[in-house]
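Student: With the hints as extra help, turn the sequences into a complete structure.
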Amino acid sequence: MNWYGNWVSLVVLTRKEIKRILRIWTQSLLPSVITVTLYFVVFGEVLGSRIEQIQGFEYINYIVPGLVMMAIITNSFQNVVGSFFLAKFQRSIEELLVSPMPSWAIITGYALGGVIRGSIVGGLVLLVSLFFTQLPVTNIFIVLVFTFLTSVLFSLGGLINGVFARNFDQISIVPTFVLTPLTFLGGVFYSLEDIPQAWATVSYFNPILYMVNGFRYGFLGYSDVSVWLCFGVLTALLVLVFFGTWLIFRTGYGLKE
Amino acid sequence: MSLALQITDLSKTYDTNTVALRGVSLEVEQGAFFGLLGPNGAGKSTLIQIVTGLVNKSSGQVVVNGDDIDTNPSKAKTHVGVVPQEFNFPIFDRVYDIVLHQAGYYGIPLGKARENAETYIKELGLWDKRDEQARMLSGGMKRRLMIARALVHEPDILFLDEPTAGVDIEIRRSMWQFVRKINEEKNKTIILTTHYLEEAEALCRELAIIKDGRIIRQGTVKELLSRLERDSIILDLATELSSDVQNRLQAQGFEVRDGTTLYISFAREESSITAIIETLKEEGVTVSGVRNETNKLEELFVSLINEN
Numbered sequence: 001m002n003w004y005g006n007w008v009s010l011v012v013l014t015r016k017e018i019k020r021i022l023r024i025w026t027q028s029l030l031p032s033v034i035t036v037t038l039y040f041v042v043f044g045e046v047l048g049s050r051i052e053q054i055q056g057f058e059y060i061n062y063i064v065p066g067l068v069m070m071a072i073i074t075n076s077f078q079n080v081v082g083s084f085f086l087a088k089f090q091r092s093i094e095e096l097l098v099s100p101m102p103s104w105a106i107i108t109g110y111a112l113g114g115v116i117r118g119s120i121v122g123g124l125v126l127l128v129s130l131f132f133t134q135l136p137v138t139n140i141f142i143v144l145v146f147t148f149l150t151s152v153l154f155s156l157g158g159l160i161n162g163v164f165a166r167n168f169d170q171i172s173i174v175p176t177f178v179l180t181p182l183t184f185l186g187g188v189f190y191s192l193e194d195i196p197q198a199w200a201t202v203s204y205f206n207p208i209l210y211m212v213n214g215f216r217y218g219f220l221g222y223s224d225v226s227v228w229l230c231f232g233v234l235t236a237l238l239v240l241v242f243f244g245t246w247l248i249f250r251t252g253y254g255l256k257e
Numbered sequence: 258m259s260l261a262l263q264i265t266d267l268s269k270t271y272d273t274n275t276v277a278l279r280g281v282s283l284e285v286e287q288g289a290f291f292g293l294l295g296p297n298g299a300g301k302s303t304l305i306q307i308v309t310g311l312v313n314k315s316s317g318q319v320v321v322n323g324d325d326i327d328t329n330p331s332k333a334k335t336h337v338g339v340v341p342q343e344f345n346f347p348i349f350d351r352v353y354d355i356v357l358h359q360a361g362y363y364g365i366p367l368g369k370a371r372e373n374a375e376t377y378i379k380e381l382g383l384w385d386k387r388d389e390q391a392r393m394l395s396g397g398m399k400r401r402l403m404i405a406r407a408l409v410h411e412p413d414i415l416f417l418d419e420p421t422a423g424v425d426i427e428i429r430r431s432m433w434q435f436v437r438k439i440n441e442e443k444n445k446t447i448i449l450t451t452h453y454l455e456e457a458e459a460l461c462r463e464l465a466i467i468k469d470g471r472i473i474r475q476g477t478v479k480e481l482l483s484r485l486e487r488d489s490i491i492l493d494l495a496t497e498l499s500s501d502v503q504n505r506l507q508a509q510g511f512e513v514r515d516g517t518t519l520y521i522s523f524a525r526e527e528s529s530i531t532a533i534i535e536t537l538k539e540e541g542v543t544v545s546g547v548r549n550e551t552n553k554l555e556e557l558f559v560s561l562i563n564e565n
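Those protein sequence lines, which keep their order, are chains V and X.
The opening residue of the first sequence carries number 1 in the numbering used here; numbering runs sequentially from there.
The opening residue of the second sequence carries number 258 in the numbering used here; numbering runs sequentially from there.
No lab work stands behind these hints: they were computed from the structure.
Even for Gly, the Cβ is constructed at its ideal location relative to N, Cα and C.
It is possible that part of the hints are untrue.
[As the list claims (entries may be wrong)] Restricting the straight-line Cα-Cα distance to at most 27 Å, the calculated cross-link-like pairs of lysine-lysine (DSS-like) are: (1) V:K16 <-> X:K386; (2) X:K438 <-> X:K386; (3) X:K468 <-> V:K19; (4) X:K369 <-> X:K379; (5) V:K16 <-> V:K256; (6) X:K386 <-> V:K19; (7) V:K16 <-> X:K438; (8) V:K16 <-> X:K468; (9) V:K19 <-> X:K443; (10) X:K443 <-> V:K16; (11) X:K332 <-> X:K386; (12) V:K88 <-> X:K386; (13) X:K386 <-> V:K256; (14) V:K256 <-> X:K332; (15) V:K88 <-> X:K332; (16) X:K443 <-> X:K379; (17) V:K19 <-> X:K379; (18) V:K88 <-> X:K399; (19) X:K399 <-> V:K256; (20) V:K16 <-> X:K479.
[Claimed, not checked] Going by beta-carbon spacing under 10 Å, a handful of chain X positions derived as facing chain V: (21) Y363; (22) R474; (23) G510.
Tutor: The following block contains the structure:
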């Protein structure tokens, strides 16, 4: 298939994923918005006024970027793992595997679905936050770069999970037992300056810390770690995960017998 | 004539150490209507899945319309459309979208994809159902949807893996008519696997019989059937036989099933249907009808499978 055919196939798969997201919007878009709104109510309105400022920022302002990033991460991941596993479960993944669509286009199509859902939900959460606070934007470019790269990374992570999952339980293991704890311990609710040194050291091994801090830097102009380090860690992980995903599709490992 | 499919020494051993194919070699000419027959687990579906890119082969070579699946997999895939044994479409998607998306995966631009989708959905009699979710279709309609989807990128070769399993006779016959039409009018190569030997006999011009991952016979239907050494027929009689006549006929090898039905199996070299009718005429028996208990292909299939 020539480059134009590859492009057509990529557009078709991406459009199919977008239609799916919009068709099931009560499952795909709404839940995170409601959950994060509850965080805003509890930590912003109810408890926020009793919590001291963090690094010179109102508590609600400090946590909003982290909560938006949390929504981006979970939605990017869940979109792809859910869509891909369902395609495997229904065997409709065979529609792609028998076609001449190249591996990179299949990966990109699914990843873009995750990026779009992650970005829409992130945007909605950000909109809701405006009812609770006025969040400054220091560097919109950094906000957009971290949104895009993080959602691509977790979309690909979802794809790998979808490839290896054998049942529906296995697609909820990573979000429940890995992503949620890492996000909560990734500096969403606190600064590394405010926790004991031992825990701060452990936190440096948590990759989500760099995404939350890089994203927060785009809004507040503050990060616990260098924004360049955040960008470097994110890019390195992305290259690693993309290569792993490409290898899986190229060899058919986990997809073909 | 050039070859639509050329398989050389194809083998497949699954990770579970199950050997599905053991050095299969096969050639199918362009425009052929080719049947691949074999009992369950013989390797038919594995063979199709290797050609269509769903299963990796262990060794051997597969060339589709001149394109090797190893060196030119993308081109090889464009030549092939496949209707699998089990439903494999996204059940919550609309019928029209399923066919349209498949065209897109083959790189067909939207305008042409819409045109093809409409053509094949209409040809398969599903146009009225185009906006329904696929899960709402009946079993026969789901099969037809898979045929429309397999044809939407206009492949040269169509693989039909048990396409009429579980559909009623009327739909089965309309599907036969459709695949015959695309074979004859559009010169598409059809490769069919089926458990209905009547279907293979009615549709295929060439056959290969596969057992335990090996091709045990291959040739035209006529050639293969000519290898049958025995024929068997059932005779319906106009009147009930007396016990004397029954005894005499039994002594000559007839099986009297009830007073008005006779069954006989005979070696082609030793007897013929004319000779049998003559014998009955001498006994004063009037034959009102002649029929087969099983079709010829079924007899051949059973004898070959047992022999091997």
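Student: If a hint holds in the structure, say so; if it doesn't, say that too.
Tutor: Against the structure, the hints come out as follows:
| no. | hint | result |
| --- | --- | --- |
| 1 | V:K16 <-> X:K386 | 20 Å, holds |
| 2 | X:K438 <-> X:K386 | 23 Å, holds |
| 3 | X:K468 <-> V:K19 | 45 Å, violated |
| 4 | X:K369 <-> X:K379 | 15 Å, holds |
| 5 | V:K16 <-> V:K256 | 23 Å, holds |
| 6 | X:K386 <-> V:K19 | 20 Å, holds |
| 7 | V:K16 <-> X:K438 | 33 Å, violated |
| 8 | V:K16 <-> X:K468 | 41 Å, violated |
| 9 | V:K19 <-> X:K443 | 35 Å, violated |
| 10 | X:K443 <-> V:K16 | 31 Å, violated |
| 11 | X:K332 <-> X:K386 | 32 Å, violated |
| 12 | V:K88 <-> X:K386 | 25 Å, holds |
| 13 | X:K386 <-> V:K256 | 32 Å, violated |
| 14 | V:K256 <-> X:K332 | 19 Å, holds |
| 15 | V:K88 <-> X:K332 | 24 Å, holds |
| 16 | X:K443 <-> X:K379 | 17 Å, holds |
| 17 | V:K19 <-> X:K379 | 24 Å, holds |
| 18 | V:K88 <-> X:K399 | 18 Å, holds |
| 19 | X:K399 <-> V:K256 | 24 Å, holds |
| 20 | V:K16 <-> X:K479 | 48 Å, violated |
| 21 | Y363 | 5 Å, holds |
| 22 | R474 | 28 Å, violated |
| 23 | G510 | 51 Å, violated |
Going through the hint list in order, the structure does not satisfy hints 3, 7, 8, 9, 10, 11, 13, 20, 22 and 23.
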